[in-house]
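When we follow numbering that gives the first Met the number 0, the leftmost residue of the sequence shown carries the number 0, and every step to the right adds one.
Errors might be hidden in some of the hints.
[Said to hold, decoys possible] Once the Cα atoms are required to be at most 25 Å apart in a straight line, the calculated SDA-like pairs of lysine to any residue come out as:
id, residue 1, residue 2
1, Lys271, Gly398
2, Lys82, Pro249
3, Lys271, Arg417
Read the hints as simulated data drawn from the structure, not as lab findings.
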Amino acid sequence: MGRQTNMPAQDARAIHDGSGALPIEDSVLANQRLLQLAAIVIIALGLIRLFPAIDSVAIHNDFSHYYVGGSLYMAGESAYRTKLEPLMAESNLTYDPTIPYAAHPPLLLMLFGTLSVLPIQLAYWTWLLIQVVVAIACLELIRRIVRLSWDDFRWLMLVGIFVNSISFQMLIYYSQVQLVVACLLYGAFLAGSKQRHNLACAVITLASALKIYPVFAAPWIFFRGLSSWRDALGRLTAMAATSVLCLATPGLGTWFDFVINGVPTLATNATKWCNFSFQNLWSMLLRIHPEATENWAWIGPTVAVLALATAYLFSVCSRQRPLISYCLVLIATICCGVITWSHYLTVLWLPLAALLLVDSNSNGYNHRNLLTAICAIAVLMPKLDCYLLDTQFTYWRIGLHFYPLFAAIALGCILYTRTNRPLSAGV
């Protein structure tokens with residue numbers, strides 16, 4: 000059959016939905032294929048860049064601490080009260096004096112305890128394989144949420160930025176678990192989208208047991224589409240059952256040990272430069288005037304709580320667009336917590352993909368795609384200011400260092416302004 004000449008305008012603007020591509024100009028198609036190839040090359044370069052990051056990681060950085068802490072748990076000892084330094088010295092592992100005791104929640108302690116039965120090198124490669132699988136799962140969940148095909152050049156370009164980002168490189172380098180948490184956060188949203196709200200509540204509860212900050216997104220998952228008291232009871236039951244399981248598996252004693260002895264270890268590291276939370280920004284500013292700390296320290300946590308409440312208010316205003324609504328809460332969750340290490344920023348993959356979706360309504364190039372790329376680079380590429388020679392505590396230096404925080408806030412504002420924009424994927 001010949002090419003249609005009277006295609007409706009809205010059909011011509013429709014994006015590929017997996018059932019077949021609409022006719023487009025050959026030159027545009029050629030450009031898309033060229034962009035696809037460029038994106039694939041960028042992704043490949045990002046993967047190649049990971050190899051230097053994983054060299055000797057098993058005996059350095061956080062993994063060695065996780066491994067020893069897990070070994071203590073498996074031996075029935077308290078990883079939160081036993082000093083790691085002598086144990087790491089016995090195994091010729093690199094010790095970080097800022098982490099004298101285990102500081103990760105009991106469920107993660109159990110996970111790495113399971114890995115600790117293996118030789119450390121084999122345990123590390125096993126964990127790396129798990130990270131790779133989880134990263135692919137995260138990307139697939141995001142792709143299903145925004146309903147873009149894997150061969151869409153815009154999606155491939157965004158994946159290229161994700162893989163090459165400093166936050167992702169740091170996540171692999173420090174053997175972190177943020178993508179596991181992100182996978183659960185995305186999975187909870189997708190389960191709710193399929194009307195499986197009890198499952199969504201169970202998943203978000205599990206995420207909150209692995210890391211503390213997902214608890215701030217739990218109310219959104221719980222109240223989404225709530226229809227009746229019976230519905231609420233079912234969701235509460237799912238959350239309660241998951242909570243009991245998460246508490247009972249390692250034991251209440253281990254959880255109390257974590258709260259009393261593990262959390263303070265985290266708190267002592269909360270004022271490092273690599274913490275990009277708003278609360279740390281405020282504490283950095285107070286360092287310029289130490290005499291004001293006693294009177295003004297409360298402002299940081301207070302503003303963080305108000306910002307989280309504001310995000311929930313905006314999410315209610317955009318509840319007809321659940322994807323945007325949820326992304327606003329995710330951004331606030333990351334920005335307003337006590338700790339936001341650079342690898343925490345990988346949780347913002349979904350909001351960045353949402354921005355790509357709302358600013359793209361065709362297979363052809365859209366200049367707004369550039370806005371998504373700029374936001375992604377600004378959010379996911381922290382520490383670029385380290386090349387500056389000035390390291391003194393000045394207002395401009397601190398403000399410049401926290402550009403990922405400001406970029407994340409800008410991302411939320413941009414998403415909110417897109418609330419009334421039609422979404423081709425209907426989310």
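- Task: Compare the distance between the alpha carbons of Lys271 and Arg417 with 25 Å, and conclude whether the hinted pair is satisfied.
- Result: violated, 35 Å
- Query: CA of Lys82 to CA of Pro249, is that 25 Å or under?
  - Reply: This hinted pair holds, its Cα atoms lying about 20 Å apart.
- Message: Can you confirm whether the C-alpha distance between Lys271 and Gly398 stays at or below 25 Å?
- Response: Distance ~15 Å between Lys271 and Gly398 Cα, so the pair holds.
Of the numbered hints listed earlier, the single one contradicted by the structure is hint 3.
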